[in-house]
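So the chains spell out like this:
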Amino acid sequence: MDYLLTEEQIMIRDLARQIAKEKIKPVAAKYDAEGIFPWDIVKILSESDLFGIYIEEKYGGTGGGSMELVLATEELSKACGGISLALAATALGTYPIILFGTEEQKMKYLPDLAKGKKLAAFALTEAGAGSDAGAVATTATKKGDHYILNGTKQWITNGGEAEVYTVVASVDRTKGARGAACFIVEKGTPGFEFGKKEDKMGIRASATRELVFTDCKIPKENLLGKEGAGFIVAMKTFDQSRPGVASQALGIAQGALDLTVEYVKERKQFGKTISSFQGVQFMLADMATQIEAARALIYATARMLDSGAKKISKDSAIAKLFASDMAMKVTTDCVQLFGGYGYMRDYPIEKYMRDAKITQIYEGTNQIQRSVIASNLIKEKSK
Amino acid sequence: MNIIVCIKQVPDTTEVRIDPETNTLIRSGVACIVNPFDMYAVEEAIRLKEKFGGKVTVITMGPPQAEEALRETISLGADEAVLISDRAFAGSDTWATSYTLSGAIRTLGDYDVIICGKQAIDGDTAQVGPGISAHLDIPQITYVKKIEEVDMEKKYMRAERMTEEGYEIVESPLPCLITVVKEINEPRLPSLKGKMRAKKAEIKKIGAKDMDLDPGLLGLNGSPTKVVKIFTPAPREKGQVIEGDPKEISEKLVELLKSDIL
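Respectively, the protein sequence lines represent chains V and Z. Each residue of the first sequence is one higher than the one before, counting from 1 in this note's numbering. Each residue of the second sequence is one higher than the one before, counting from 1 in this note's numbering.
Honestly, the hints are just simulated from the structure, not real lab data. Among these hints, one or two may not hold up.
[What the hints assert, rightly or not] To give an idea of the chain Z side of the interface with chain V (calculated C-beta under 7 Å), a few residues:
| # | residue |
| --- | --- |
| 1 | N23 |
| 2 | K145 |
| 3 | L189 |
| 4 | L192 |
| 5 | K193 |
C-beta: ideal position from N, C-alpha, C; glycine also.
Model the full structure from these sequences, guided by the hints.
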């Protein structure tokens with residue numbers, strides 16, 4: 001389908017596709033098996049300018065937005081849904097600065113992030129605060145010109161590898177969600193350490209770690225937005241980033257289908273290729289249809305975001321929900337079409353199924369997405 | 001350091017088809033790429049520029065659509081590109097091509113190094129690079145796998161070149177021409193900003209009248225090579241496999257060697 005991309009968007013897509021094919025695909029299995037962070041690919045992505053595609057030109061980016069980020073994430077995820085996260089999770093960690101940063105904060109942090117000289121990470125989740133983001137127990141206590149951070153963040157993508165962290169902490173625990181604030185914390189700040197690296201089911205090339213803050217002193221200039229606005233920062237960030245997760249899911253699904261179409265044309269049973277069986281053909285057709293529907297939905301959402309639309313929570317949630325559920329179903333069916341071979345780690349397809357699963361869980365579980373969609377739906381109707 | 005890189009646009013296939021009537025390559029319906037060996041030349045030129053400063057100028061002789069190949073090299077970091085195109089060049093063999101390219105290089109001003117890929121994947125002659133150096137009367141180092149040293153003060157270069165038996169280390173005064181093999185580097189991918197620059201870049205075009213060349217030495221008329229016949233050789237037949245344990249195999253082999261079969 002022709003989505004009438006601009007010339008620049010086509011360049012981004014083609015460049016990401018070339019990197020995915022020539023540089024990521026050959027090493028995806030290695031990084032999945034070893035679970036190490038793909039710094040050599042990050043270097044390539046950085047030299048290719050892809051880290052700046054959603055950042056304004058005056059901060060060193062190329063001036064695109066959500067649509068550009070979605071296109072690149074999709075292409076990279078076709079080759080590896082874990083490696084693509086180095087870029088996508090940096091965007092997640094950068095959005096709070098783009099959305100709520102002061103001019104000084106933007107000038108200080110965005111140029112290095114746009115060049116890919118530094119990676120970013122967003123830290124909200126804790127052991128007791130996942131979907132219930134208001135239950136954040138990490139505290140930020142103001143002392144003169146500083147805030148003192150204490151607490152532990154959990155399952156932070158790019159954790160340990162990133163240099164710049166946007167961290168949600170509570171300045172007033174009695175106020176719940178209204179007592180939260182978002183801070184920029186740099187790696188190397190005394191009192192900021194990393195916990196264990198998680199051993200994950202999928203997206204294993206991506207680093208997931210605990211962030212541990214022990215009397216970590218940060219200057220008050222590192223507050224993003226206002227005290228009490230932390231929850232809003234998180235929600236607005238997710239509104240921007242959910243199409244990114246959706247495009248990661250989309251890329252994983254498309255990558256899996258591409259491999260599957262190749263396989264069914266080769267695999268012979270009963271004297272013919274299994275692609276000649278109608279039962280197999282129908283599965284392929286259903287997968288292609290669902291993938292295209294997700295793509296159309298994601299692109300439409302990204303374009304809406306880039307138009308400056310304000311009410312985006314529902315549509316952003318719809319895109320994330322649909323694309324991630326689609327990716328789980330498609331990759332499961334792809335493994336099915338590979339049969340016994342598909343279940344074996346010698347074949348690349350089972351990785352896609354493992355990588356797809358996380359997209360239903362993180363940046364808001366799909367149950368939370370449904371809640372967001374439903375509450376917006378009901379609010380709209382009650383006006 | 002001023003570096004000139006000569007590239008060629010070639011069909012993107014390893015199975016080049018040949019028109020049996022005209023004995024020339026069939027180009028229609030085949031996507032075009034920059035000759036892969038030339039990509040190593042472009043990369044090496046950009047690395048030299050990054051080290052010594054200066055300018056990388058990429059040139060190609062070809063039809064108007066070869067401009068795309070030049071733009072690709074700009075997206076990688078080349079500064080300028082020149083398309084040498086004229087109906088008068090049609091049908092050039094390696095002699096006429098290198099004569100024309102040398103004429104174009106003379107119009108570009110001073111240079112320190114000319115870099116070419118070792119050969120093009122379509123014609124596979126490996127003659128154009130050395131031809132240019134002969135026409136320009138400058139030294140050449142072919143099959144370079146490593147530039148060991150460049151001294152811009154004393155104006156010389158030392159390079160390692162591959163030979164069938166091993167390698168040789170050759171020193172040459174500058175300016176000189178080198179042709180490179182794929183072992184020399186790993187070409188980079190383009191950057192987004194490079195692609196944007198490439199799209200907008202102005203490609204200089206020069207034709208036969210812009211150069212001081214003898215018209216009789218251009219194109220088909222200036223080409224001493226006459227292709228009599230080009231054909232695809234029949235695939236080699238499967239050899240005879242001798243099976244058994246080592247003793248049996250050696251006995252059978254000796255028998256065969258003694259017989260008339262071999």
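A quick look at each hint next to the structure:
Using the Cβ-Cβ criterion of 7 Å, the hint placing N23 of chain Z at the interface with chain V is not satisfied: the shortest such distance is roughly 35 Å. For the restraint placing K145 of chain Z at the interface with chain V, the shortest Cβ-Cβ distance is roughly 22 Å, beyond the 7 Å limit, so the hint is violated. Contact between L189 of chain Z and chain V, as hinted, is supported at the beta carbon level, the nearest pair being about 6 Å apart and thus within 7 Å. Here the hint on L192 of chain Z is kept, as its CB sits about 4 Å from the closest CB of chain V, short of 7 Å.
The interface hint given for K193 of chain Z holds, since its Cβ lies 5 Å from the closest Cβ of chain V, which is under the 7 Å cut-off.
In summary, the numbered hints that this structure violates are 1 and 2.
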